[in-house]
Each structure stands twice: as C-alpha cells, then as structure tokens.
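Engineer: Keeping their order, the protein sequence lines are chains Y, W, C and A.
So the first sequence is numbered by the working numbering: it starts at 1 and just counts up by one.
So the second sequence is numbered by the working numbering: it starts at 310 and just counts up by one.
So the third sequence is numbered by the working numbering: it starts at 451 and just counts up by one.
So the fourth sequence is numbered by the working numbering: it starts at 933 and just counts up by one.
Any given hint might turn out to be false.
Within a straight-line C-alpha distance of at most 30 Å, the following computed DSBU-like cross-link-like pairs (lysine-lysine) qualify [to be verified]:
| no. | chain 1 | residue 1 | chain 2 | residue 2 |
| --- | --- | --- | --- | --- |
| 1 | A | 1039 | C | 581 |
| 2 | A | 1533 | C | 679 |
| 3 | A | 1432 | A | 1457 |
| 4 | Y | 286 | W | 420 |
| 5 | C | 581 | C | 658 |
| 6 | A | 1229 | A | 1173 |
| 7 | W | 367 | Y | 243 |
| 8 | A | 1533 | C | 905 |
| 9 | C | 750 | C | 626 |
| 10 | C | 905 | A | 1542 |
| 11 | C | 457 | C | 703 |
| 12 | A | 1542 | C | 457 |
| 13 | Y | 239 | W | 359 |
| 14 | C | 457 | A | 1039 |
| 15 | W | 420 | Y | 239 |
Calculated directly from the structure, the hints in this document are not laboratory data.
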Amino acid sequence: MNFAYYPGCSAAGSSADYEMSTRAVCRALKIGLQEIPDWNCCGSTPAHAVDTELSAALCVRNLDLAARMDAATVVTPCPSCLSNLKHAGKRMENPAFRARVNELLDNPAAEKLPETTSVMQAIASCRTAADIAANVCKPLKGLKIAAYYGCLMSRPAGLMQFGDPENPTLMESLLSACGAEMVDFPLKTECCGASFGIPERPMTAVNSGRILEVAANMGVDAVAVACPLCQMNLDLRQKQAAKAVNVFFNMPVLYYTQLMGLAFGFDPRELGLHKLCVSADPLLQKLDALRREEALAEAKAKAAEGGNA
Amino acid sequence: MRGVQLGLKDQVLNSRSLWMCLSCSTCSLRCPNDIDVAAVMETLRHMARKEGRVTVPKVEKFWFSFLDTVRRFGRTYEIGTMALYMLRSMRVFTDVDLAPAALAKQKLGFKPHVTPNGGAEAVGRILKRYEERAKREGVRP
Amino acid sequence: MPVLNGKELRIVGFLCNWCSYGGADTAGVARAGQPTDLRIIRVPCSGRIDPLFIVKALLNGADGVLVSGCHPRDCHYSAGNYYARRRLEVLKQFLPVLGIDDRRFEYTWVSASEGQRWQHVVTTFTDRIHKLGPAPRLEDAEPLLKIADMALTSLRPLGTGQNAALDDLKAAIKAKLPELDCVIGWQQGYDAAHTVPLFMRTPEDVDKLVWGPFNVNNPATYLPSFKGKKVGVVVKGCDSRSVVELLQENLIKREDVTIFAMPCQGTLDMARVNQELGRYSAIDSVSYDEAGVTIVADGKEHRFCMNDYAQGKCYGCTTPSAVLADTRLGVPEAVQPGAFTPPELAMLDAMSLEERLGFWKGQMERCLRCYACRNACPMCVCRDYCIAESREPQWMTQEATAKEKLFFQTIHAMHLAGRCTGCGECQRACPVGIPILALRQQIARAVAQLFDAYKPGLDPEAVPPLLGYELEEKNIHEREWK
Amino acid sequence: MRIGVFICHCGSNIGGTVDCARVAELARAFPDVAYATDLMYSCAEPGQAAIEAAIHEHKLDGVVVASCTPRMHEPTFRRTVERAGLNRYMFEMANIREHVSWIGKDKEANTNKAAELVQIAVEKLRRDKPLTAKSFDINKRVLIIGGGVAGIQAALDCADGGVPVVLVEREATIGGKMAKLDKTFPTVDCSACILGPKMVDVAQHPNITLYAYSEVEDISGYVGNFTVKIRKRPTYVDWSKCTGCGACTEKCPSKKTPDAFNEFTGPTTAINIAFPQAIPKKAVINAEHCRQLVKGKCGVCAKVCPTGAINYEMQEEIITEEVGCIVAATGYDLMDWTVYEEYGGGRYPDVITSLQYERLLSASGPTEGHILRPSDGKEPRNVVFIQCVGSRDRSIGRPYCSGFCCMYTAKQAVLTKDHIPDSQSYVFYMDVRAPGKMYDEFTRRAIEEYGTEYIRGRVSKIYPDGNGRLVVRGVDTLMGEQVEILADLVVLAVGVEASKGSPQLAEKLRISYDSYGFFMESHVKLKPVETNTAGVFLAGVCQGVKDIPASVSQGSAAAAKVLALFARDKLENDPQIAAVDVKRCVACGKCIRCCPFGAIKEVEFRGEVKAQVIETVCQGCGVCTSTCPQGAIQLAHATDNQILAEVNALCQC
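The task is simple: from the sequences and hints, build the whole structure.
Structural biologist: If you want it as structure tokens, here you go:
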C-alpha cells in the first residue's frame, strides 16, 4: 500500500522532526511514501489570501506531477497543505476555473487529478487499531495526552471528510492503540493563531496560551499535534504564550507521529525529539519509570505464581 | 457581515478585521444559516487588496515576503522570508528573541531548499504569469 | 375547443385531490409564477389514474403528461399511491416501444404544503417539453413496412419431439378419460402439415392425438369456458404457464383440471412455413427427422429446419416441460436461463423512436380490427364486455384509424402487465401477421426489471405484481427534479 | 341538458389577469350550455342568489362555476345548487384562480386556459349523474390520544358535553409536559396547582375511561365507525388493588433506575410513582431495571405491598374500542440537542436542558427544589441560559422558532434569583419572542427587577476550564465584542419537535405530517384543529408549536368539533363511492384484492359470483375502477367516461 507523498516546505526546515517521525512510523507500518520528486510549495495562507487561482495553480502543479506518477492518492502531513490541495482539486472541477488556472501553468493540468488525504487518515484507512497495537513494543500506558488537531484539519467539514468537525477522534484512536490515555480535550479544534505569529504576535500568543492553559489544568503530560505551525506556536512560542496568559507552562508539545514512534520503539533522536524547545526528557523519564515499575510488578507476580504453582 | 448586507462597501473594505482574520472557518461551521462566512471574508480581502486598500500593511508585507521566497526557490525559505519581511516592514526585531533557540534546534536551516529539476523555475514562471495577468486586468497583484 | 396560442404546448396534468391539487393551490396562494401550458384534471387519488388515460392523451395530441400524487405513506386512502407508483413506472418503461419518448410522461409526488416544489416541478417539466417540441403525431408518421429479419439464436437445441412417449401419453389419457368430461389436445388438421385442437371424449378420439412441431395452439385458452366441468389438458411448457396464470387469478379451479405434460422441443412458425410453401393444392408427405421437417407439396420439397423456422417464443423458452402437471411423461430437459431478448422485441429495440412510430403506423394500417388476437389470448376473460367495444365506459371509437387500433393493442398490453406468459397466441392468431407480441414482451421485460425478475405463470400462489405493492420499492426510485 | 356557466371575477383576483366576460362568451358556444355569465363575487351572498335565480329562470339542470379551488368552495356551491332544487352533484368547478390568474400575468394565455378549464368542466358535467347520500348511524364515543393539557381539556369538554371519552396516555400518568413544569409564565403560579384539579376531574369524571401506560396499536374504519386497538403495556402492578401508598417505592433495592419523568436528572427506584399528584396515582415497574424481572430474584415490593397488587407475570393486553371520532393531542418532545458538539454534545454534566432545569426547580423533583449542579451538587452562582438551541437553525434542519422558550427562560431566570439570591443569570438570545398577554412585561421584570443580563448573540462554544467551571464563549452583537463567561451551570432552551412516534401514529390515522413530525391541519388559518381525514381532529403542540393557553383553547376547539359532529344522530356518507355493474363483472377478483379498505366482497347473484361494494366502508379512492379490466366497477362522480371526457376535450386535435 503506497501513496504519493507531499512533505510540505516546513518538512525541511521548522518541522524536520515531524518529517522524520512520519517517515519512521510509515516505515514501521509498511506504508510506502513515494515523494513527488519536484514538488513545490502549496502557497499556504499567503497564496490563497492573495488570490485563489494563484493558490490553485501552485497546488495543481503538485497534483499534476502526482497524476503523472499515476498515484491514486496524494498524502501530506501538514493540514494547511492538505486544505489547499483539496480546495484546489475541488475547484478544478469547475471548467471555467480550470481554464483560468491552466493559463498560469506551463502545461494544462491532467484531466483526473488524484485525491488528497492526510497522513493520519491514510494510516487509519489502511491499518486497523490491531495492526498498530501489534507494532507497539513500548506501550505509552500511564501517559495522559491531549490531542490537538488545529482548525484546518477538519474544516470545512464537507470537503475534509475528517469526521465530526467539532469533535474529531482519529488521533485519539491512533494514540490509544499505542496505549496512551487520551483526555477529552475540549479545545481540540480551536485555532492556535496560525501564521500571525510574525505580523501580529499578541493574537497568536493569546490563542496558544488559552489552549496550553486548559491542557495544563487537565493535568496532561503532553499535547499531541499534527500541524507544523501549531507545533511552532505551542512549543517554540510557549514562553510568549505563557507571558500572554501569565501562567507558567512546561508542557511538551509532540507530533502524534513522534509519540507513535516512541511506542514503536524508535530511538528518540531518530524521531527528532531533540529538536523540541520544551524538552521531552521528563516525559521519557516518566515513561521509562512506568515501564520499570510494570516490569517489576510482572516479575513479582511471576515469582508469586512460581511460588505456589 | 452586517456591513456587507447593508452594502457599506467603503466601511467594510477599510475595516481592520479583514486582515485580523485567521481564516480558520470556525464561523462558517457554526453559522445557523449555513453562510460560508470564511469565503465571504476571503473574497472581501481579495476585493480590498485589488483596490489597494490594505488597512494593516504588515500582514500583506509578510505574504509578499513569503511568496517571494517561493518564487525564487520553489519552496519557502524561512530565513529568507523573515529577512525580506524585516526589510519591508522595518520591524527588525520581530521574533529576534526566538532566533537563538530556533537556530540551536536546527529549526531554521541556512541552506534554502530548491525544488530540483527545474521546479523552482516553473514556480517562478507561475508567479510571473500571475503578475502579468493581474497587470493586464488592471488589478494590483 | 383546441385553442392553443403559439406560445403553449398541450400538457395534461392528472393531480390527486388531497395532496398535489392542494400543492398547486398552495403555489397559487403564494403567487408562485408558472408557465400556463399545464391543464389540470382533478382525480380523487393517484390510484384512480388508469395508465390508459395517459396513453389516450399522448396518442391524441398531448405533448406532455404530468401525474402527481401524495408522497408514499401520505396517501389519504393509505395505499392509492403505492398502486399508482407501480403502474405508472411500468407505463413509463412501456412507452418507448410505441415510439413515444418516455420523457414526455412524468409522475411525481407533491404534498399539499409544497407550493414551491410544485412550481419547480411544473416549470422544469414545461421547459423539458418545450425543449422536446411538439410530439410527433401517429397520423403524420411515415409508414415503415420494411421488417428486418429477426435474429434467431436459441438457448437450447430445438427439435421435432418425435421420440416423445406419445403412446404412453395416449394410455394415460385413456386411463383418466372416464372421470373427465373431455381432454383437450391436438389432432391433424386438413392436411399433414397443420393441426387443430382435439377434444377427446372417447378412446377413439384419443388415438387421433398427435405430438410434434405442428402443435402450435394453446389448449389452455379453452379452460375458462369449461368452468365447473372436470377437464383434462395436454400441455407444452408454455401452455402450462397459461394454466398456472389462470389458476393464479382463480379463473379455473385446480381440482377441475387434470394436466398431462410432455417435454416440448419447439413448434413451427406456421406463418413463415406457409409463406415458404406458397401456393399449393395438396401436401403429398411430411417427414420428420431430428433437426427439422421436410414437407413435399405438389411434388416440390421444402426443408424446414427447426432452428430457422420455430416460433419466436421457442428460442427463448426456459420451461420446455410443464411447470405444473398431474401426469408427467418423458424426461424434462433442463435449460440454463441465459440473457435473451425475444426476436420481435430485439427487432424493435434496434429501431429509433421515429422508426417505431412509423413501423406501428404501417402495421396498424394493415390491422383488420378482427380481434382474433384478443380471442386467442388465454388471459382475456372479459369476452363480451371488452372495453374496446363498449360505450359504458367508452375508451375507443369504432373508427378504423391506426390510432384507435394501436390504442386497442396498448389496452391489451397494459391489461396483460404482469400476467402475460408470452405464449404468443395473439401473434400466431393474427391473420395479417403483425408482430404484436413485441408490445407484450416489452411489458414483460419492464415487469421483470422492476419486480425482482418476476415471470408470470410459474407459481399459482404468487400475487401478480400490479395487484400488490411494497412500502419501499427496491427498483423504483423517485426521479430528482433538476 | 341545460347547463349554466358562471365565471367569477373574485374582485381583481381573477378579473385582473383573466378576461371573464370573454370566457363567458366562449362558454356559451360549448355544447349543452344554455346560459353563461360572469359574476363579481360568486361565493358571496349576491353571487349565490344570482346563481339560484338563473337556475330557476333558465330551467338549468347543471351548473359550472369557474372561480377558486374546489377544495375551499365546492361545498358552498353544492349547497347553493341544492337550495335551488338541483342535485348537489350536478355541479362542477374550474379552478381559474390558484391555477390560472394567480400564477401568471399573460392575460391572453390565462383567458384561453380559463376557457379550456371551463370546457373540460362542462364536458364532465354533461356525464355527471345525480347522487344521493345514504345515512348511517354513528358511534357517539370519542378517542383522545395523549393526556397532556390539550388532551385533558378536550376530554373534559367532551365528557361535560355528554360524550363518552376514551383517553389513551402513553406514560404512566396523564399531565404530559406541563406536569413536569415547576411554575408557569406569565403568572409564575405553580403548574401542579392549576393542572392538578383538572387531572383529578379526568380521573373522577364518569364519562371518561382512562387507559394510562397504553398506546394506540391500530385504527381502522372511517368517521362515525372507527375501530381502535389499544395496547395496554404491562405495569406488573394490578391497578385495581394498588392504593398508591408508595410503600413499595421506599423498599425497592434497585435505586439506580433512570427517571424519565424527571428527565434523568436523578435516579429513582425500579417501581415508582412519577410524582405526588400523578393521575392515576398507581405504581409502575420499569421492566429493564427490576431485579425480579431481569434476574428473577428479589420480590421485595411483592412482600411489602399491603394489598398484594404486584404481579410479575402480567402480560400486555390488546383492547378494542369502537369510537365515532378521534382527537390527537400527542404533544411534543425536545429535539436531540447533542448534535451540537460545540456545546459539549451531552458530555458535560453541568450543561442541561430547560426541562431538566424545571425538574431541579420543582419541589417534587430529585433535589426538592434546590438548584444543585449535577456535577458536584453545589449551588451554582453564575447560571447561563442559551436560547434557540435547535430552533431557528437551518444548518441542522430546524429552521422554525419553537415559540415558548423565550418566555420560560425568563421565568426560569426569575426563579433562579428567588432560589439563590446572590446568583447572576445571563441569557444569550437572538430575538426575545414575547407575544402574549402580559408576556413582554414579564420579560422586562426579569431584566429590571431580577437583574438578569440579556446578551444579544449566539454562543460559539462551551468548554470546561479544567477546574470544574464552564467557559461560555459568545458574542455581544450590540457591543460588537466577544464575551466570555465563567458559568457554573448552563441551561439550554432546546427546540421542540413532535413527540416520538408521531409519524407512525399519523400513518395509522391516515393523516399527513410534515418533515418534523407535526400533523398537518386541514387549513393552517381557517381549520387548525381539523385534518383532511373526516373524523380526526388535532389539539395542542402535535399540530404545531404553541404555548399552554393556545393548547388549552385548541383542546376546547377540538371538543367543540366533536360535539358538533355528534349533534346529529345519523351521518350522511359521501355518495362518491364505487358501484358494480353486475352484468359486466366476471368475478376475476382483482378489485377485491386491490381495495385498500377491503370494501368489496363476493356475492352470489343469480347463481353466478359477482363483486359488490360495501357502501359504508368505501372511501371513494377509485383504485378498483382503474384496476378492473372491463370497467365493471365505476367510482361515482369520477367514472372512466367522465375523466375520458375531460381528456378528450383537451386532446382532440
């Protein structure tokens, strides 16, 4: 089972760890990711804010390349790329729009453009919870995690088909398959402030601050995210967010693929955990401690069993 | 939305909220009358930009900086975007406090990632054609 | 007063009084603008609409017919619209065979509160009819007489059935004869190449019984007239299905009828045989062999191989041996049912709508209106009160126009919907050889498609599809009004 | 035949876009038309007088009126024609208003269309035959479905009018939703105090037979002679012996039974009496939660019961009642608000519905009237009310306003202040709807005297802030700002829909219903309590959202209709029924098999089997006429010839 893979620009830069952990998890689950050789930037928010046809042109170039690789589905980890690619695909169905976009491209786009879906949905579609659990060698039992999807992943509901736009549960099912205890996180689809961290920092800080505050109040060990920009706003800018809501945070913000990678037994460095600003070491120590206790308890139980067998 | 209903074009196009919108489409999701508010905001932004009425210029400057790096390399180059943004908006101290942490964690790579085998040039041509068409149609790109 | 100014076309509407007529009122109260072409006829319920009203309108100048009733489950009479849904869907699938574009007839469901929906239905339907333009009239159609020869490919090898156990059959009949008033079979007719029905009352009569490809008559036709008497009948496969159908509609009692069955290997199409023989004074001899029959007439030899000269129905026959029998002789031969379009219907399928209209114009002009087809049909039980010749109700005039004669054929076909076993007697009895079986086959095909491959005449307990309904029809779905 | 044609102007409604004089002129040329004219208002007094005069003057024996829809004025004109001495069925109408003049402005096309519609009416009239109604006796008893306030009012009025009433209530007690309310607006008097006496009257009224804990299983027959099968669900308590002392409820070990009457705000025992003023005040065992019925071992209530009323082997019974007409008063249910994931989708215990809040306020509720937070049982300080949850919301398919939520929210805000003086209530609303007498003054009091803060805006999201309280984020559109309130308790004014099972009941009653399950009245303005099915009336919210005063008045209105129907000893049947022409019938039995009402039977006629129509059962649908191959059975006033005449008139090209 393999897909055409669209890594997205941040894969090489700010979310390299997301890239490494995604590839690791897909390797473990034997999901083939064929990277589109000369993929280009989807334009993210600036492109569609400037002009929808420009954003579509940038995205359709990628879809066209994927179509030439006759891939049925293009997979991308980043929700912003996912949203742009999907919107472009949908809008291209309108012949007038297709003509306007083709004017911008070197050659007219292929008639049948492949579907786009997120890595998370791709994993869920071809691997059952049992398959995932089978791969788990270091269960995350004892870790309380809040799943944070960000706003683009599930909206607009009709197009993204990501389950209930208000209350998606896909990350919960994946991570609980790895043994983690998932908290019912109410702000899972609130916006983190997206790319406004640069031009209008206070807005992002307040939004991210509120999300982190509620997560902290619920006493979770870490927040699992699926979007490079959310990760940056919650992790890199955690101090700015803390200042905005004047609450002290030390909340590790990991990609869900990093957590799954840990469960699959990958070495933290392979998953890029060292790249996190708020270090995940306390998390790892707690995990090891839990595992040691468990091993002890098992040994004692076996001993007791051995005793009276 | 009330402004649009009443047709107060100037007041709407000059409002700040157009540029403060994160386009997260929560509004479209919750509207009891099924209005795609996010799309309305997006269209209003396009109309405002095309008529040159940008009330919060720094937001647009950031977009252009972002798109310039895409035009040049086919993919974003974070350092490049930040540099161009600082030049354009003269806000030289944006995120300076984050720079050390980001560099230490290799979050910001110095080397730009160029789309291989002609990809970057293709993207460049797309953006060039877009600008030419915008000029032909007498609209600000 | 056919005053129709240039802008309008003739669109007739049949609306049920309780829902759709109310829906049209609601649209009116809301001043919902609509084109003026539609003329609405109010009926108590959509179940009251006989599909023949619609054919009558379409054949007499209507460019479009729109029927609307209550939504399923909403009917004021609880089930009227369920019957209507089945009948009107069968009609919609039947119209193309006549050469009438089925898009000119539409049926839908509108409730009394749906004014807006009614406005949309009327506007969309009127636009559709205007796009189709005025309907071609049967009168001005160009008669098309060229009949393409029918492609004949059989599902099973056809033969002459000479090795059938005729003597055992005769013995069996003689054994049962005393307790029966008579047994119906075939005997040789006025020459060796024709048979006529045989009514056996004495053992000597039984000796006259013959079995072979010339046994074309369907003895089941006579059973209703023997009502109340004990009677026996020798049946081919298709005849037995007519017997089952008569039982299903309790036109005969099961205990009154004793059925003798023999496996049939096909019967000859006498029209084409006679055409081949041409003018002759006497038949010298008829010799049978495995594959066909050789007839020597006035010294001239004619070879009739069964695979070329059998009746259309025999090629697609899937029940060579009787479906229901008391005494069964010979070994029933299994036939694996394959996809099969009867030759007459296949011929018409190949034509375009205009050609079909022209075809029926040409054929109906040759029709003598002798009603032999009606009298030969085993299922036609109305006899003297057939609505083709009555004034109470008066569906047809006695004019000898192609339109009236085609309307009779539609009446017969619609009355046979879900009942016709395809025995082909109507077409065989037609003195001028018009392939009218095609109309009945089209209806049978529609019924099979719509009601889980229902074939009449297989199960005496089955409910004929048009006399029952399902709350949720599996194969009938409401068409969207785009 | 001498036919009179009357084209009505209906003021300008028809005259505006149809040249009535021209149509009358064209009509004179139609066959058998002896007189044709146009009238300004044919349905008005002078109009009808003109028709009667014309009938006498021109010795007419048939009348065609071209005016509005026959669904409205056919009965009117039939009486006119009858007064003038003609048979009321020698009359036809052409609808040239709703179907012609009101839907298009093209005068020439309208006039031509009107003329054609008149022509087909004349053609049909030429083949009409006089019909006389037969009369049949009626069963002067009424079935009332639903024991809410509307049903109770209808039952009392009918019973006082001398008509025996069969009242069927699905729950264990009558009182419906009103019995669950603590106080009622606008007078804030106690709901049980004003409803209780009426419920007792129902119990004690000699004319009323009450079947509680029962449902209507099947209805057959027609106006005057309905046969109704009622399914009495097993209560496992013999109500003839039970005195309602409540001893069993104290001793019952199964304390965790969900309490439907209190809207699941608190647990109750498996055997319980809904509330102190319940009528009938009898115990009922909840089968799924009774240990004896589920696991087969307990029997505490049987031991404790002083009169030995408990009977675990009780089975459901089917009772058949013969009634003359039916009143449906099945009330409403709150819609399933958990579709709103943004309000927690039912996962947050402190987000409750208005009905649940009523039970918390009520002294007979689980908290004896103290407002306590379901999560931790503490008294809330900030209470937020959210309006229009599931009303006026097209995105979830509920575009209509539920009518009385604004009023009861104002009342609940007032009561909250009474119960907890230092509490602060907030109400998020879009538009306050307070149309009744003293209604708006009441909401003003809630704001001014009781300090309730009304915020105009919709709530976007409710989420727990992590330490026990709820953050309610909305907007104040008047201030143009976002608003965030830290609430201890959130009460949702949940939208209303028809009670569960309404569509199925409508199908049994053979009346139509809309997509929300509300029953469809005969005319929304002029006949709100009647339906298209003769003998079936409506009362209360089952017909559409309305508050208690309106439901009570509809209860009385329905009762008035019932008493009017039973004022006559005999009912005339509708003569537009089928009849068999004996000579044409060959007894093929198709009509018998397809008649939806089983109104045709086989009879012996001179030694031959023939079909025959049972006149009182035939409803005149005509399915048999279109099924009979030889046209032996014809529906009067819609025979094949009459309809064919209309088709031929239109299609003779």
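Engineer: For each hint given before, does the structure comply? Return the numbers of the non-compliant ones in rising order.
Structural biologist: The structure breaks hints 4, 5, 9, 11, 12, 13; every other hint is satisfied.
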